[in-house]
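Chemist: So the protein lines, in turn, are chains A and B. Quick note: the first sequence uses the numbering used here, first residue 2, plus one each step. Quick note: the second sequence uses the numbering used here, first residue 151, plus one each step.
Calculated from the structure, these hints are not laboratory results. One or more hints might be untrue.
Distance windows between CB atoms, simulated [to be verified]: (1) A:289 - B:293: 49 to 55 Å; (2) A:13 - B:364: 50 to 56 Å; (3) B:184 - A:13: 52 to 58 Å.
Remember, predicted model here, so these are calculated numbers, not experimental data. Each residue gets a CB set at the ideal place from its N, CA and C atoms; glycine is no exception.
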Amino acid sequence: MAGTLVIAELEGGKSRSTTFSAIAFAKQVGGSFAILAIGPGAANAAKDLAGFGAAKVIAVDDPAVKDYVVERFAPTVAKIVKDGGFDTVAVTASSFGKDLAPRLAAKLGAGYAPDINAVTVDGGKRLYRRPTYAGNALSWLEIATPIQIVSVRQTEFPAATASGGASPVETGAYAGPDAAASQVEFVKVEVGKSERPDLGEARVVVSGGRSLKEQFKQVLEPLADALGAAVGASRAACDAGYAAPELQVGQTGRTVAPQLYVAVGISGAIQHIAGMKGSKVIVAINKDPDAPIFQISDYGLVQDLFVAVPELVKELKAQS
Amino acid sequence: MKILVAVKRVADPDNLNKIKLSAQGKVDTTGLEPKASPYDDYALETALRLTENGTNTKARLGEVVVVTFGPKEAEQMLRAMLGTGADRAIRIDATDDVLDGDLVARGLKGIVDKEKPDLVLLGYQQAESESNEVGQMLAEYLGWPQATFAGRITTTDDKVLLVERETDGATAHVKVTLPAVVTVIDKIVKPKSVQSKHTPTTHNYADGVRFAALMAIMAAKKKPLAEQKLADLAPDATLKVRYANAELPPKRAAGVKVKDVKELVTKLKTEAKVV
Ligand SMILES: Cc1cc2nc3c(=O)[nH]c(=O)nc-3n(C[C@H](O)[C@H](O)[C@H](O)COP(=O)(O)OP(=O)(O)OC[C@H]3O[C@@H](n4cnc5c(N)ncnc54)[C@H](O)[C@@H]3O)c2cc1C
Numbered sequence: 002m003a004g005t006l007v008i009a010e011l012e013g014g015k016s017r018s019t020t021f022s023a024i025a026f027a028k029q030v031g032g033s034f035a036i037l038a039i040g041p042g043a044a045n046a047a048k049d050l051a052g053f054g055a056a057k058v059i060a061v062d063d064p065a066v067k068d069y070v071v072e073r074f075a076p077t078v079a080k081i082v083k084d085g086g087f088d089t090v091a092v093t094a095s096s097f098g099k100d101l102a103p104r105l106a107a108k109l110g111a112g113y114a115p116d117i118n119a120v121t122v123d124g125g126k127r128l129y130r131r132p133t134y135a136g137n138a139l140s141w142l143e144i145a146t147p148i149q150i151v152s153v154r155q156t157e158f159p160a161a162t163a164s165g166g167a168s169p170v171e172t173g174a175y176a177g178p179d180a181a182a183s184q185v186e187f188v189k190v191e192v193g194k195s196e197r198p199d200l201g202e203a204r205v206v207v208s209g210g211r212s213l214k215e216q217f218k219q220v221l222e223p224l225a226d227a228l229g230a231a232v233g234a235s236r237a238a239c240d241a242g243y244a245a246p247e248l249q250v251g252q253t254g255r256t257v258a259p260q261l262y263v264a265v266g267i268s269g270a271i272q273h274i275a276g277m278k279g280s281k282v283i284v285a286i287n288k289d290p291d292a293p294i295f296q297i298s299d300y301g302l303v304q305d306l307f308v309a310v311p312e313l314v315k316e317l318k319a320q321s
Numbered sequence: 151m152k153i154l155v156a157v158k159r160v161a162d163p164d165n166l167n168k169i170k171l172s173a174q175g176k177v178d179t180t181g182l183e184p185k186a187s188p189y190d191d192y193a194l195e196t197a198l199r200l201t202e203n204g205t206n207t208k209a210r211l212g213e214v215v216v217v218t219f220g221p222k223e224a225e226q227m228l229r230a231m232l233g234t235g236a237d238r239a240i241r242i243d244a245t246d247d248v249l250d251g252d253l254v255a256r257g258l259k260g261i262v263d264k265e266k267p268d269l270v271l272l273g274y275q276q277a278e279s280e281s282n283e284v285g286q287m288l289a290e291y292l293g294w295p296q297a298t299f300a301g302r303i304t305t306t307d308d309k310v311l312l313v314e315r316e317t318d319g320a321t322a323h324v325k326v327t328l329p330a331v332v333t334v335i336d337k338i339v340k341p342k343s344v345q346s347k348h349t350p351t352t353h354n355y356a357d358g359v360r361f362a363a364l365m366a367i368m369a370a371k372k373k374p375l376a377e378q379k380l381a382d383l384a385p386d387a388t389l390k391v392r393y394a395n396a397e398l399p400p401k402r403a404a405g406v407k408v409k410d411v412k413e414l415v416t417k418l419k420t421e422a423k424v425v
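Please model the entire structure based on the sequences and the hints provided.
Modeler: And the structure:
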């Protein structure tokens, strides 16, 4: 069966939202597709994934894949790709996808298109488009191998929604580890905890820069509450310890594209902009009228943030 | 410990918003100063920290070899890195148009087979292509383990690394027995991010990467810089991906400045309709 194999990303026995962007890609390129759920709770996750129109859903659960270790995951994925005769493998370009996909590509002798934001078919040839040069160029590429591995940018492939129907669920076998797996011991994973929406999925993101200092939370949280927003930060704010490291938005942090992005006291360095310029509406609050962030903002407010933000919270309540 | 650090010369990463498009639809970086990709500088800093006592960095306690794929001009970057502290450098003669990430990984495998390092360090991605792939591909080709997105590395015996991998919103702790491939993110150059067995645990490094002293740059002129042919390392030069044309993304037009908070909220409600 030619077609696309979508690799689901599981967490706590459920699909992470990233999975639905990879499914959206598979639906967009057309043809038949299957979904592979690998990891603890795969059987359960597979049931939820059966409503997306896949030809089948394959569930692989085994004590060996209890924790994500690429040297244990990749051989099984590779075997399923080969046995199933898939010509495309799609995963979302999260940390999971970016870690796994290139290793899988090398294993399969396949070309890899990383972090794509569009795909077109031109005379039977598939072309992928991806942001490069910190988002300042869009590069088109073509894969020359029979199998194509793709990771898709979550913000550019809106999550597919369940379309009903029930794909058959199969149990797949664990294919054994890479020899290198004996050199890897998974110790633990610490998950940053937050009651707020996840940065990658939030409809509104409020981000703060280093100028917020120790008042980062005190100033930004009321605004985030008023807007139902996730909180983000510049690298400078994270580095200084004013904001938690997992809040970093930008080239080295998260890529976000919410309906509304509010940049508070952020200068607009190109590495920051690379992670948020896909936002639909951008608001910047900065006391420097020449701050580069204003060049990409739809609405700019030149004011001291310590005055503007509390006022904004009040005004949002007043006008609601 | 012997460490191989793979590095890439790129156009000034802080000014990539000044790139242009050539008439042929290729990205044109003319006018931008060539520099090492920042994450590769971080990889070199990591390698140096792992092979020294942080309280006496003059004595080298291991070997660091930097390797790049690039034209003759890329040797300037390698010389600078020798000045910073790397012990040897290798340039594989090749330009970007004959390479893809896969071929770079295969070429690096050729170097690893000859050099037999304990560890290969790379930036997690390079600043131009941002592909984030070479380290993982190299690990597969070598049959070695990989630890990507490393934000912290600790080792007590030079045989096992405890790596903290920064993944979306989480930190994964893994113990990796060498030889291995590790790719680093920016957090790796914070004062306490690299803890080698040679350095007292109380030691704090300066935040960021070190800079070469003038004396060291002069002395580095004597350090070995070898050239190798790509064909000797990776006989099959077939590329698996081919980059066609590029385009510039639509420019976001600068919008309006609002006079106060009240106007901002009104516009967000009635014009943008996002609140
Ligand atoms: C390899 C590399 C990767 C990087 N990756 C990232 C990344 O992923 N994300 C990221 O964000 N950065 C990244 N950076 C860092 C980036 O270059 C900037 O240094 C950083 O984004 C600056 O953060 P900032 O805007 O908070 O601070 P600054 O640049 O210092 O800006 C502070 C701003 O606050 C304004 N301000 C100060 N006080 C007030 C006030 N009272 N009221 C209103 N405004 C005020 C100032 O006018 C200024 O514009 C990276 C850099 C490198 C080299």
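Chemist: Against each hint, give a clear statement of whether it holds in the structure.
Modeler: Hints versus structure:
The supplied range of 49 to 55 Å is met by residue 289 (chain A) and residue 293 (chain B), whose beta-carbon atoms lie about 53 Å from each other. Distance hint for residue 13 (chain A) and residue 364 (chain B): a CB-CB separation of about 55 Å, consistent with the stated range 50 to 56 Å. Distance hint for residue 184 (chain B) and residue 13 (chain A): a CB-CB separation of about 46 Å, inconsistent with the stated range 52 to 58 Å.
Hint compliance for this structure: hint 3 is the single one not met.
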